[in-house]
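> Protein sequences, first through last, are from chains W and E.
Last residue of the first sequence? That's 505 in the working numbering, and every number before it is there in order.
Last residue of the second sequence? That's 1584 in the working numbering, and every number before it is there in order.
The hints are simulated quantities; they were obtained by calculation from the structure and are not laboratory data.
One or more of the hints may lead you astray.
Capping the alpha-carbon separation at 30 Å, the derived lysine-lysine pairs in DSS-like fashion look like this [unchecked claim]:
| no. | chain 1 | residue 1 | chain 2 | residue 2 |
| --- | --- | --- | --- | --- |
| 1 | W | Lys-498 | W | Lys-100 |
| 2 | W | Lys-276 | E | Lys-1335 |
| 3 | W | Lys-198 | W | Lys-100 |
| 4 | W | Lys-183 | W | Lys-47 |
| 5 | E | Lys-1381 | E | Lys-1394 |
| 6 | E | Lys-1555 | W | Lys-276 |
| 7 | E | Lys-1335 | W | Lys-490 |
| 8 | W | Lys-363 | W | Lys-198 |
| 9 | W | Lys-498 | E | Lys-1335 |
| 10 | W | Lys-58 | W | Lys-182 |
| 11 | E | Lys-1462 | W | Lys-296 |
| 12 | W | Lys-296 | W | Lys-198 |
| 13 | W | Lys-100 | W | Lys-183 |
| 14 | W | Lys-503 | E | Lys-1381 |
| 15 | W | Lys-58 | W | Lys-47 |
| 16 | W | Lys-296 | W | Lys-363 |
| 17 | E | Lys-1544 | E | Lys-1462 |
| 18 | E | Lys-1458 | E | Lys-1381 |
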Amino acid sequence: MYKTHVADLSYDFKTLRNLMAKASPSRSGDYLAGVGASNNLERVAAQWALADVPLKQFLNEALVPYEQDEVTRLIIDEHDSVAFAFISHFTVGDFRNWLLSEHATTAALTAIAQGLTPEMVAAVSKIMRIQDLILVAKKCRVITQFRNTIGLEKRLSTRLQPNHPTDNPAGVAASLLDGLLYGCGDAVIGINPASDNLEATLRLLHMLHDVIERYQIPTQSCVLAHVTTTLKAIEQGAPVDLVFQSIAGTQKANESFGIHLNLLNEARLAALELGRGTLGNNCMYFETGQGSALSANAHEGLDQQTCEVRAYAVARKFKPLLVNTVVGFIGPEYLYNGKQIIRAGLEDHFCGKLLGLPMGCDVCYTNHAEADQDDMDMLLTQLAVAGNTFIMGIPGADDVMLNYQSTSFHDALYVRQVLGLRPAPEFEQWLQLHGIFNTENQLQQKSEVPALFKPSLQKLS
Amino acid sequence: MNEHNDQTVITNSWASLKQFTPARIALGRAGISLPTRASLDFQLAHALARDAVNIPIDFSGLEKSLSFMGFQSLTLKTRAENQQMYLQRPDLGRVLSDSALDCLQQTTPHSADAVIVIADGLSSKAIEHHALPFLSLLLPKLQEKSYHLAPVCLVKHGRVAIGDAIARHYLARLCIILIGERPGLSSPDSMGIYFTYQARSEISTDADRNCISNIHSNGLSYEQALKKLVFLVSEAEKLQFSGVNLKDETTDTSADDQRRLANFLLD
């Protein structure tokens, strides 16, 4: 079934799972798992064979057995065969050609999204170059709303991430204000708490709520605690805008995160009940990243990119406001260097968008990876060209709590300037109203504190 | 690199906020970009953090101090034989080497209440700076509870899950690991603590652990960390589990101070 003959050699890949893994562009995590191609020729042979696989085959051959994995059941049970009908005659190779063609308009891509499974999308991405991933992703449009509108054309949003090593509220507030004054925070103001502590989570939730109310900022807040902590916070009457959770692409990996689909559903319903969105009710915020399933030894023999895309099926079920692939956070054992991180970030963005998700990327690396700021600049710029929904905004790109480097407030301004991108419209109006941005959507020439924040700062001096 | 006379750099008037956070705030800008000084500051910190990953651990000082305090220790290795292998093969950092297994076998496996494991992780500096001061607070606390302690295990090239195998050997109910966290730009020596109740290799997962992170001079103090750990241990003893369903509900004694500080945006 998955046989091919290239350069006088015959290959038989036996299973679709094996074929997918061997066709994956090289990355350390697949070698760690022992599933990667043993050499370049084997990889290309697998890509040739994969290109000939009919898309229908992905509905017939589950990569993780239906009986043992609730993510597989979700993918199969909720597959939209009507949306799929239009592309059901394609092979993976045909599908790539169609995606690149003028027939694959924004409307056509939106129409097929629910007919695609993660495995189909992962498969086609494996035979696409970076420019293909960019070109097709740019045609996808995914718009979500809570208190503002995320994902419009020519817009790039930012998550303001004002983390502090001990969750000190003044420390959080300092980074938060710095970010706002640099025009950052329209996707969400989202804090990673230093510990998964209910009291700290409650304190941060109330603080973010009070700041957003006081200064009438058209954005939403999130404290990135475990979903069970957020549920407890909701029970205690805390003002929860977005429910956060890290998710993965297998049931076993999700179990290692202490979650399952019913729990996510329960949390979403609890947040909807609060009715805190003004424009829309996309109230979930998910984070993912290649390698997370393998790190929990729960990858079920899959390659890490296919595992990652399966996580997007989990995300899609709960209609999130934002999905964030934290691409370089996990470390060099999964993505070894800048080249692997860059490709992974663009794959994740493409796959998420094609499945209909509001996909953003934490363009990031750790200090034990072979990567640096130049690599991040390349990924940031390429993602923005691809129409990425949002990036992180962290003071000076240095997260002093999570100990990794992401994108800075300055980075967001850079990429908006070179590509003519703007923040979410409601947030943009707020920035202009308070004189943080001028009418050209640029920071004011003089760095003056807007009247809105002057009283708070004057108390300090 | 002096930028005081540089008219093209736009400085930020809110630099006073730096008193509240080690984050790189109020950096100013050249156009919309980082000014030269801030850009080079970053490169310097990155160079230091990159180098910190590769400094090998030296447990000899810790061994001596523990022995001086009257505690037994064992120095063990994992199957990750060198730093390169350690970084790329986390699976090997979760398994003890054959010689370490032999060494462990030679100590009597008796049912200890608790075992403390210390691993270099990704920052040997974190362990060199913070392990001993923290142990000097923790060990007496555990003795107060009349816990029977296994020898303190010092593991080179260890990952968090290495504690599971050691806990199983000693049939220990409580497994506490101190480990060097990934070095950040502003904190190349941050230590983390992972606590697992009934840790067992091949069975325990990350969902069974509780983590106390960011123990360093700009982060959590030893006293704060100890308070959290003691709470988690007592709760786990009552509930007979640890992990995501065991919530850290300690209150911060300095919370009132913190609230007052926080109000600069909210008064």
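> Please go over all the hints and tell whether each is borne out by the structure.
Taking the hints in turn, this is what the structure says about them:
Proposed proximity of Lys-498(W) and Lys-100(W) is contradicted: the alpha carbons are some 61 Å apart, above 30 Å. Annotation: proposed proximity of Lys-276(W) to Lys-1335(E) is violated, straight-line Cα distance about 33 Å (limit 30 Å). For the hint linking Lys-198(W) to Lys-100(W), the alpha-carbon distance of about 35 Å lies beyond 30 Å, and the restraint is violated. For the proposed pair Lys-183(W) and Lys-47(W), the alpha carbon gap of about 34 Å is over 30 Å, so the pair is violated.
Of the supplied pair hints, the one linking Lys-1381(E) and Lys-1394(E) holds, its CA atoms being roughly 18 Å apart against a limit of 30 Å. For the suggested pair Lys-1555(E) and Lys-276(W), the alpha carbons sit about 20 Å apart, so the restraint of at most 30 Å is met. For a cut-off of 30 Å, the pair hint linking Lys-1335(E) to Lys-490(W) stands: about 20 Å separates their Cα positions. Annotation: proposed proximity of Lys-363(W) to Lys-198(W) holds, straight-line Cα distance about 22 Å (limit 30 Å).
Distance check on the hinted pair: Lys-498(W) and Lys-1335(E) sit about 17 Å apart at the alpha-carbon level, within 30 Å; holds. At most 30 Å may separate the alpha-carbon atoms for a hinted pair to count; Lys-58(W) and Lys-182(W) exceed this at roughly 35 Å. A threshold of 30 Å between alpha carbons decides the hint, and for Lys-1462(E) with Lys-296(W) the separation of about 37 Å lies outside it, so the pair is violated. For the hint pairing Lys-296(W) with Lys-198(W), the CA-to-CA distance comes to about 39 Å; that exceeds 30 Å, so the pair is violated.
Proximity of Lys-100(W) to Lys-183(W) is assessed by CA-CA distance (about 24 Å); at most 30 Å being required, the pair is judged to hold. With a CA separation close to 51 Å, the supplied pair Lys-503(W) and Lys-1381(E) exceeds the 30 Å bound. For the hint linking Lys-58(W) to Lys-47(W), the alpha-carbon distance of about 8 Å falls within 30 Å, and the restraint holds. Simply put, Lys-296(W) and Lys-363(W) have alpha-carbon atoms about 22 Å apart, close enough for the 30 Å limit, and the pair holds.
Distance restraint check for Lys-1544(E) and Lys-1462(E): the Cα-Cα separation of roughly 15 Å lies within the 30 Å cut-off, and the hinted pair is therefore satisfied. For the hint pairing Lys-1458(E) with Lys-1381(E), the CA-to-CA distance comes to about 21 Å; that is within 30 Å, so the pair holds.
Consistency with the previously given hints fails for numbers 1, 2, 3, 4, 10, 11, 12 and 14, ordered from lowest to highest.
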